[in-house]
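Numbering (the working numbering), first residue to last: 467 to 604.
Please note that the accuracy of each hint is not assured.
Unchecked claim - For each label pair, taking beta carbons as the anchor points, the in silico distance ranges come out as:
id : residue 1 : residue 2 : range
1  : N496      : V521      : 34 to 44 Å
2  : S542      : S565      : 36 to 46 Å
3  : I538      : L500      : 16 to 26 Å
4  : A541      : E487      : 33 to 43 Å
5  : G518      : L599      : 43 to 53 Å
6  : F528      : F569      : 19 to 29 Å
Worth flagging that the hints you see were computed from the coordinates, not collected in a lab. None of these values were measured; they are calculated from a predicted model. Glycine is no exception: its CB is placed at the ideal position from the N, C-alpha and C atoms.
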Amino acid sequence: MSSTEPTHATEAHAPGARGPEGTIPLAVPNIGELERRYVLEAVESGFVSSVGPFVSEFERRFADRVGATHAIACASGTAAIHVGLLLLGVGRDDDVVCSDFTFVGSVNPIAYCGARPVLVDSETATWNLDPALLAAEL
467 MSSTEPTHAT
477 EAHAPGARGP
487 EGTIPLAVPN
497 IGELERRYVL
507 EAVESGFVSS
517 VGPFVSEFER
527 RFADRVGATH
537 AIACASGTAA
547 IHVGLLLLGV
557 GRDDDVVCSD
567 FTFVGSVNPI
577 AYCGARPVLV
587 DSETATWNLD
597 PALLAAEL
């Protein structure tokens, strides 16, 4: 491997790094100096999990921003969907509509609640949930 080639998979997607020609990176980090400082402070403090002052501060600021009394930071989108479904009272024998063009992480929380995922196809032109198919399912 030449010295100009990435030595780690994530290096190919770092700002300014070059990946294989014709590839589209899944996620390109956009990290400024403030974010770097916060990450370093969190690592040095030992609070790099789902608890600690950074999480509490994020939850407080997010709640303020959206006008809520509380906010809960979740470790994943799957966990966030699960919490949302629980707060909505979704449970056994409920049907929950979900796009069939999705990741399993958006379907599993429905099953965690004992509900039944109802998969509806997407429109060809937009890849969004097809309103006509949704209406037919309802």
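Query raised in the report: Does 16 to 26 Å hold as the CB distance between I538 and L500, or does it fail?
Result: holds, 24 Å
Report task. With 36 to 46 Å as the target window, see if S542 and S565 comply at their CB atoms. Result -> violated, 18 Å
Query - Outcome for the supplied range 43 to 53 Å, where the beta carbon pair is G518 and L599 - result: Holds, at about 44 Å.
Query - Outcome for the supplied range 33 to 43 Å, where the beta carbon pair is A541 and E487 - result: holds, 35 Å
**Report entry** Outcome for the supplied range 19 to 29 Å, where the beta carbon pair is F528 and F569
**Finding:** holds, 23 Å
Query raised in the report: Is 34 to 44 Å a correct range for the gap between the Cβ atoms of N496 and V521?
Result: Because 21 Å falls outside the window, the suggested range is violated.
In this structure, the hints that do not hold are numbers 1 and 2, in rising order.
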